[in-house]
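The listed protein sequences derive, respectively, from chains A and B. Going by the working numbering, the final residue of the first sequence carries number 168, and the count climbs one at a time with no gaps. Going by the working numbering, the final residue of the second sequence carries number 170, and the count climbs one at a time with no gaps.
A hint or two may mislead.
[Unchecked claim] 30 Å max Cα-Cα, derived DSSO-like pairs, lysine-lysine: (1) B:Lys9 to A:Lys166; (2) B:Lys169 to B:Lys9; (3) A:Lys166 to B:Lys169.
Keep in mind the hints are simulated off the structure, nothing from the lab. A quick note: this is a predicted structure, and the numbers were derived from the prediction, not measured.
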Amino acid sequence: MASTYELIATTTLPSAANQITFTAIPSTYTDIILVFNGDLDSITGASVRVGNGSIDTTSNYSLTRIWGKTDGTYGSSRETTADQIRWDYWAAGNGNRRTAIFQFQNYSNTTTNKSVLIRTAIPSTEVLATVGMWRSTSAINQIRLMLSGGSQNYIAGSIATLYGIKAA
Amino acid sequence: MATYTLINKSILGSNQNLISFTGLGSYSSDYTDLLIRVSARGSGSGSRQNLNIAFNSSTSSYTWLGLYGYGSTVGANSTSNRFVGNIPNSGQTSNVFSTLDIYITNFSDSNYKVVSTDYAVENNGTDNFMGFDATLWANTAAITQIDLQIHSSGDFVTGSSFYLYGISKN
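One chain only, chain A, in its complex shape:
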């Protein structure tokens, strides 16, 4: 039986880095899943950008998030003209690895804007569910996990893995 859930690429950071980029993502899947397990070295600011041929750094992103924190506070917010999709909100690096699962639906079609559902679990800090939008009909063939602050890094040992899901 053909496998419907396949590894595309995986990266384990040998040293701290401020971004992790997947390029030349094949268009042969219907959806792609990105799983991140790692941490940041300092303040909050984990985010994601995508692109076709190059990463889109302009304000073509929007997002809506719902979040809860360890102190019992919760809320939701949105950004309508963002230049990146944030997938943490309050959580600075705290020594505990965080898990984030990104689901890019129908990522390679050329007729619709692209959506992503992100579930972020940061133990002892916060949980978030975020829906993000890239306002482009181009296929996604690049994804970059990045940090909004220039001096931040993902810590060594952080792992990002990209899977593809076939319809049949």
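For chain A, the structure is supplied; the task is to place chain B on it using the hints.
Just chain B now, kept in the frame of chain A:
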């Protein structure tokens, strides 16, 4: 090799208090992440209750953070419990079982273990409950055993199912 492979399953033919997946150490070279897909219901009273997880038979060094929605209510909570979602109880409409995914990243590495859980307890249009949990086991040991148990009282009822998948990077 398939990237997403069924390792084990338990489909209950009678009520059962504990679900245990053992021998996971033998999978550490094949898989990096684990996913447990749960469709379950509890025999206890009330509408719903938490599901507990235990790694390697340890019941200490856990923290839990949950975000949930319930009708028009939203809330967040954090404790030292070892919760991974909620399942419906006997107070819910008959034949209603949970939708619940437990995702465990890098289960055999030497870092603390992070669990991401999302779930929904649907009750035929009333008393809907859904949420998203982050659970930490502050232990660097590789996970070799996973136990699931209802937090308070009661058993998993007949028809409850637990599927354990390994997710490979090969």
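Results for each hint:
Using a Cα cut-off of 30 Å, the hinted pair B:Lys9 and A:Lys166 holds, with the two alpha carbons roughly 24 Å apart. For the proposed pair B:Lys169 and B:Lys9, the alpha carbon gap of about 22 Å is at most 30 Å, so the pair holds. Taking the CA atoms of A:Lys166 and B:Lys169, the gap is near 17 Å; set against the 30 Å cutoff, the hint holds.
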